[in-house]
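A.B. asks: Each chain is listed here by its residues.
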Amino acid sequence: MKILALALAALLPCLAAGLDVDKGKTMGDPAAPMLFELYSDFSCPACKTLHENVLRTIVQDYVRTGKAYLVFREFPLNIPAHVYSRPAAAFAVAAARIGKYQTVSDALFRNQQAWSVNGKVWETVAGVLTPEEQKRVQVLAKDPAVLAEVQRDVDRGMQAVLTQTPTLMVTYKLRQQPWAQFGDYSLFRGYIDALLKK
Amino acid sequence: MPFSKNKILQVAVVVLRVVLGGIFIYAGYVKLAEPWQLFAAGIADYEVVPMWAAKFLAHTLPWFEVLAGVLLIAGRWFRTSTVSTSLLLLVFFSLMVRAFAGGKEINCGCFGPNEPISWKTLVRDGSMLAVSLFLTAIAFRNRRKPA
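Taken in sequence, the protein lines are chains A and B.
With numbering that gives the first Met the number 0, letter number 10 in the first sequence gets 9, and the count goes up by one each step, no holes.
With numbering that gives the first Met the number 0, letter number 25 in the second sequence gets 24, and the count goes up by one each step, no holes.
Bear in mind the hints are in silico, worked out from the structure with no lab data behind them.
One should not assume that every hint holds.
In silico DSBU-like pairs for lysine-lysine, Cα to Cα no more than 35 Å straight-line [claimed, not checked]:
#	chain 1	residue 1	chain 2	residue 2
1	A	K172	A	K134
2	B	K4	B	K119
3	B	K4	A	K66
4	A	K172	B	K4
5	A	K22	A	K66
6	A	K197	B	K4
7	B	K103	A	K172
8	A	K197	A	K66
9	A	K196	A	K172
10	A	K119	A	K134
11	A	K196	B	K103
12	A	K22	A	K172
13	A	K119	A	K197
14	B	K6	B	K103
15	B	K119	A	K197
16	B	K4	A	K119
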């Protein structure tokens, strides 16, 4: 029984991430013991803060050290103030298909205050791509498979009963726990370190 | 032989004491079984106390819940334990109502993680508060009129 549980625990990150995740939307070693799934909305100010201030530290502490495998998930909120979130998510997923997810998401978060108001999402995305990449991303952003990937992430988040963005879904030893408190990084670090010691 | 009203009340008090005490012990246990940071994050989500206070409460509150539960079940310091659980539940319930009415989609934090505040959690905690207030009233009534 214990062996079966250990085998399942070892397989979980692969099962969770390998089936429906574009490698362009991941960081780290898929065989890492812990899985982080970061649910974000490109229009959400707290997601911008996390992306620009805390994410680097999380990556440095847990992803680069092989302790966690990081998967980026789209969770565009269906509220009037976030009307451009879904197109932004589609462009980001399309960019992931050509290996430019990080470049595009950096640009989207950096210029969030502008495009989330004026709706110039494409202009923001295009600004960090070559003309050739622009053509490919424009086509991919309308691809039903890309749109379905965005929806799949949303459905996954809804199933996990996410209550806010950003939320980092932590999966470790067959257990999933959402974490959304990033105001004090030492709290997050303490929690993850305590889990890893279990 | 028919039960007297007093006898029924006595039995009901014992049953409610044990049930409420058991719930408190369980609530404390599930928090202690997880890294304390998880409960601290849950407290911080309510945005009522500063982070240092959330950390302090995360360390102490689960133990207090267990102690209150044990005292309730044991029937020791009945007035103190019922007043403590009533005050605690009054604070929890008020915070939950405040969060729910304010549209905050956060976890209740009552019995460990992953339990968003909903009508269900409000009814459950409201019922616990009602039971605790009833036991408190009995505890003080018994003080005035010893059985």
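A.B. asks: Take the hints in turn and mark each one as holding or not.
C.D. replies: Evaluated hints:
Taken as a hint, the K172/A and K134/A pair is broken in the structure, with Cα atoms around 42 Å apart against an allowance of 35 Å. Distance check on the hinted pair: K4/B and K119/B sit about 32 Å apart at the alpha-carbon level, within 35 Å; holds. For the hint pairing K4/B with K66/A, the CA-to-CA distance comes to about 63 Å; that exceeds 35 Å, so the pair is violated. With a CA separation close to 53 Å, the supplied pair K172/A and K4/B exceeds the 35 Å bound.
As the CA atoms of K22/A and K66/A are separated by approximately 18 Å, the hinted pair is consistent with the 35 Å bound. Simply put, K197/A and K4/B have alpha-carbon atoms about 52 Å apart, too far for the 35 Å limit, and the pair is violated. Simply put, K103/B and K172/A have alpha-carbon atoms about 30 Å apart, close enough for the 35 Å limit, and the pair holds. In summary, the hint linking K197/A to K66/A is supported, as the alpha carbons are separated by about 14 Å, within the 35 Å threshold.
Between K196/A and K172/A the CA atoms are separated by roughly 12 Å; this keeps the pair inside 35 Å, and the hint holds. For the proposed pair K119/A and K134/A, the alpha carbon gap of about 17 Å is at most 35 Å, so the pair holds. A hinted pair counts as satisfied when its Cα atoms are at most 35 Å apart, and K196/A with K103/B qualifies at roughly 33 Å. Among the hinted pairs, K22/A with K172/A is consistent with the structure: their alpha-carbon atoms are about 23 Å apart, no more than 35 Å.
Taken as a hint, the K119/A and K197/A pair is broken in the structure, with Cα atoms around 47 Å apart against an allowance of 35 Å. Simply put, K6/B and K103/B have alpha-carbon atoms about 45 Å apart, too far for the 35 Å limit, and the pair is violated. Our distance criterion of 35 Å between C-alpha atoms is met by K119/B and K197/A, whose separation comes to about 32 Å. Between K4/B and K119/A, the direct Cα distance comes to roughly 74 Å. Violation of the 35 Å bound is thereby established for this hinted pair.
Violated hints, in rising order: 1, 3, 4, 6, 13, 14 and 16; the structure is consistent with all others.
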